[in-house]
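Protein chains in written order, with this note's numbering: chain A, 1 to 277; chain B, 1 to 276.
These are calculated hints, taken from the structure and not from any lab test.
Any given hint might turn out to be false.
For the chain B half of the interface with chain A, some residues (derived, Cβ under 10 Å), not all of them [as the list claims (entries may be wrong)]:
id, residue
1, VAL99
2, VAL101
3, LYS103
4, GLU104
5, ARG116
6, VAL157
These numbers were taken from a predicted model, which means no experiment stands behind them.
Just so it is clear, CB atoms sit at the ideal spot from N, CA and C, and this is done for glycine as well.
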Amino acid sequence: MSTHHTTWHADDGDLGDYLAGRTTTVLAASIESHLVSCAACRARLGTLTDVVERDQAWDRLADAIDRPSRAPWIVRSAIATPVMVQAAVVAVLLVGLVPLLAATAWGDRGLVTLLVLAPLAPVAAVALAYRDTSDPSGEMGLAAPVAGLRLVALRALLVAAVALPIAVGVLLGVDRWIGDVPVRLAFAWCLPGLALAALVLLAGTTRLDPTYVAVAASTGWAFLIGAIVVAERSVRLDLFTDAVAGPAVQGVALAVAAAAVTITVVRRDAVAYRRTT
Amino acid sequence: MIEATDLTKTFGRTRAVDEVTLSTGPGVIGLLGPNGAGKTTLLRMAATVLAPDSGELRLLGLDPTRAPERVEIRRRLGYLPQSPGLYPGFTPYDMVDYVAVLKEHTDRAWRQQEARRVLEAVELSDVMHKKIRSLSGGMKQRVALACAMVGDPDLLVLDEPANGLDPDQRLRLRSLLSTSATVLMSTHNISEVSALCQRVYVMFDGRITFTGSPADLAGLAVGRVWEDERQDPDAIRSWLTSTGTYRHLGHPPNGAQVVDPTLDDGYLLLARKEHT
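All chains should be modelled from the sequences, with the hints used to inform the complete structure.
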């Protein structure tokens with residue numbers, strides 16, 4: 001602030017009106033520019049300020065700045081946790097980008113790649129999300145009332161909510177781009193993926209390392225795909241789609257997913273949202 | 001507040017906590033012992049993070065092995081882990097707010113007041129909107145402490161709470177804890193125990209080997225400490241003090257200048273007994 005000498009001073013009435021916001025815009029601008037250069041009027045302005053009202057105004061401002069975010073806490077924690085972000089990115093890459101590139105480069109064979117990889121996306125996501133080192137604040141979370149199934153379910157749903165729409169969207173996009181992609185292909189992998197992820201989730205929140213369970217589940221899936229290749233002696237897309245979308249694979253997947261989720265819920269009292277060692 | 005009977009926890013072949021029995025009321029209770037003594041495992045059980053393999057544990061009069069009671073304990077519990085990882089992208093304010101939500105506080109206005117209260121208590125109001133990644137180690141420790149204090153819990157379980165704090169902040173911690181209901185804290189720092197704790201438990205190899213007041217612990221070494229200008233090869237331990245004289249622990253020889261024992265003397269004597 002300048003302290004240049006001025007020849008006039010604002011009167012108390014005008015300063016009071018200015019403080020109360022009752023002056024015209026022109027007068028307010030004039031007073032403001034005068035206050036910049038007149039230390040005496042600035043000092044007088046200070047004496048006219050209602051201290052209580054000023055403090056209340058500051059409190060209101062601080063309240064507005066400090067108000068807790070409205071964003072759901074689970075979203076906030078996921079965004080803040082690098083491994084949760086990593087898990088979602090891996091899932092999206094596996095079900096989105098890789099098959100998209102493969103389909104573009106190799107056509108039908110690329111879409112077979114999708115069927116092989118897509119169910120592994122939720123497995124990878126769950127395995128990454130529930131590693132012991134996933135959540136830096138995990139130890140504190142374990143001692144909170146929401147630790148347990150609620151946190152497990154919420155985080156699993158969050159990763160699924162990110163990956164699933166992207167995967168289906170990519171598939172439908174590929175359908176338009178390349179053509180001749182059976183729409184059911186876009187959904188055929190969902191149940192196997194759910195079953196594998198539910199198994200990892202069930203095992204991973206107990207005493208087993210989710211990474212090992214994920215590897216075992218993925219190996220099982222690879223064996224199934226291998227069996228189809230051997231049985232059909234081909235890697236044709238329609239054969240794969242028929243096999244994976246067929247009642248046998250879908251039925252088993254549904255049963256496994258339902259059983260894993262049921263067991264998790266039944267033993268919810270023993271479920272920690274991550275392993276404790 | 002905390003009642004443990006024959007509490008045992010084993011990892012592989014290691015008995016981290018070995019038939020520990022303790023009973024505490026309100027106040028600050030210190031858990032003293034060397035690295036690997038089982039302090040952290042015991043605290044994790046008291047924080048409901050780990051379930052004991054055997055024995056009985058009651059926290060705030062409730063049984064943590066029963067799910068509904070465990071949730072009730074967690075509502076009334078504050079926990080500072082040994083490595084309280086924080087989200088580096090959060091601000092202290094966000095972090096405290098997040099922990100408040102984990103503790104089921106859904107009222108935003110309440111959370112706002114509470115976040116301000118606990119951050120003020122640990123003197124972090126000035127940096128409450130800075131990213132945690134930009135804070136010093138001591139500040140991060142205080143953020144974690146603020147998180148543990150959310151909701152003014154009936155039971156505070158603190159694993160090395162003074163880690164990373166400078167002497168000034170340690171003093172502040174003392175006054176903070178003195179107003180809390182029940183605090184179970186582990187520490188390496190014997191001076192913390194004497195300044196803070198009404199009762200102290202000493203652990204070696206998973207077992208509680210001493211229970212009593214800090215004065216009782218110092219009392220173990222009454223008549224066993226003497227000072228001399230030379231080292232004494234017959235002493236259990238001898239060390240040079242800041243005054244230039246040697247302080248000895250053991251059986252004083254005839255004519256030795258026996259001095260009043262400190263808490264360190266009592267602890268060192270106990271440690272020696274445990275390892276002979």
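- Query: Going through the earlier hints one by one, which of them does the structure break, listed in rising order?
  - Reply: none
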